[in-house]
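Chemist: Next come the chains, spelled out residue by residue.
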Amino acid sequence: MPDLVVLRGEYQDDWIELESISGTNLGTLGAIQDRKNMLAVVQYLLGQGYTLSYQSADDDGVTMTFYRDTGPTPPPPPDDSLIQALRARLNTTVTISTNAGDITGVLNLVGTDVIRIVEPTGNIVLIPISQINGIE
Amino acid sequence: MTFEQLLASYTGQMIETVVGTEFYTGRLLSVNNGLFTISTSDGYSTQQITLLVSRVVYVRILTAAA
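Chains as they are written, first to last, in the numbering used here: chain A, 102 to 237; chain B, 865 to 930.
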């Protein structure tokens with residue numbers, strides 16, 4: 102999910118005063134909420150990898166929206182006890198229950214978030230650990 | 865090794881996969897940033913489908929068809 106920041110500034114004689122700041126994940130932006138000079142905040146956001154995606158102006162001031170792509174959210178780490186149970190079955194024949202049915206074969210790899218099974222046909226099946234409902 | 869890294873090592877192979885509740889079959893073209901792309905054919909035309917890694921239930925690599 103991208104981080105978003107919306108700034109609203111009001112025109113002063115020769116500068117723009119930051120009136121409000123809102124957005125997602127503002128905690129990572131530290132002290133910028135204390136700054137009054139909107140252009141200094143814009144400069145800071147650009148330096149942090151944000152991109153200006155929208156701006157508008159009226160008689161009183163300007164509004165700017167910035168975003169920063171943070172990439173896909175990583176999946177939560179699999180349950181340790183499940184990984185231990187899977188490791189105990191390495192190189193044995195197992196039947197893994199998933200929402201799409203059972204898969205039977207030799208469990209030959211337990212990775213960070215994935216297992217690999219070799220079926221009797223020789224086909225290889227990769228199953229995300231988060232998708233496992235049960236082991237036989 | 866993560867699911868995405870392992871899946872990427874089978875690029876170019878024929879696969880079957882269930883993503884969400886849908887079944888797909890085709891040749892694995894790429895794996896990148898939480899997405900993977902397969903090329904599917906109905907015998908008349910070919911199309912590319914991009915799917916979410918996070919929604920995969922399983923991927924079967926069809927070694928006999930490679």
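Rather than coming from a laboratory, the hints here were simulated on the basis of the structure. It is possible that part of the hints are untrue.
[Unchecked claim] Counterexamples of contact, computed for chain A against chain B with all Cβ distances above 12 Å:
(1) Glu118
(2) Leu140
(3) Gly148
(4) Asp161
(5) Pro229
(6) Gln232
[As the list claims (entries may be wrong)] Computed spacing ranges between beta-carbons, pair by pair:
(7) A:Ala186 - B:Gln869: 41 to 49 Å
(8) B:Asn896 - A:Gly223: 39 to 47 Å
(9) A:Thr193 - B:Gln869: 22 to 30 Å
(10) B:Asn897 - A:Ala189: 32 to 40 Å
A virtual CB, placed ideally from N, CA and C, is assigned to each residue, including glycine.
Chemist: Run every hint past the structure and note whether it holds.
Modeler: These are the hints, each one checked on the structure:
Even its closest Cβ contact with chain B, about 39 Å, leaves Glu118 (chain A) beyond 12 Å, as expected for a residue assigned away from the interface. No beta-carbon of chain B is positioned within 12 Å of the beta-carbon of Leu140 (chain A); the least distance is around 33 Å. Distance check for Gly148 (chain A) against chain B: the nearest CB is about 24 Å away, which clears 12 Å, and the non-interface claim stands. No beta-carbon of chain B comes within 12 Å of the beta-carbon of Asp161 (chain A); the shortest separation is about 41 Å.
With a closest Cβ-Cβ approach of about 5 Å to chain B, Pro229 (chain A) is found to fall inside the 12 Å limit, against its non-interface label. Distance to chain B contradicts Gln232 (chain A) as a non-interface residue, since its nearest Cβ pair spans about 5 Å, not more than 12 Å. For the hinted restraint 41 to 49 Å between Ala186 (chain A) and Gln869 (chain B), the CB-CB distance of approximately 23 Å leaves it violated. Hint check: Asn896 (chain B) to Gly223 (chain A), Cβ distance near 28 Å, so the stated range 39 to 47 Å is violated.
The beta-carbon spacing between Thr193 (chain A) and Gln869 (chain B), approximately 24 Å, falls within the hinted interval of 22 to 30 Å. The hinted window of 32 to 40 Å between Asn897 (chain B) and Ala189 (chain A) holds, with their beta carbons roughly 33 Å apart.
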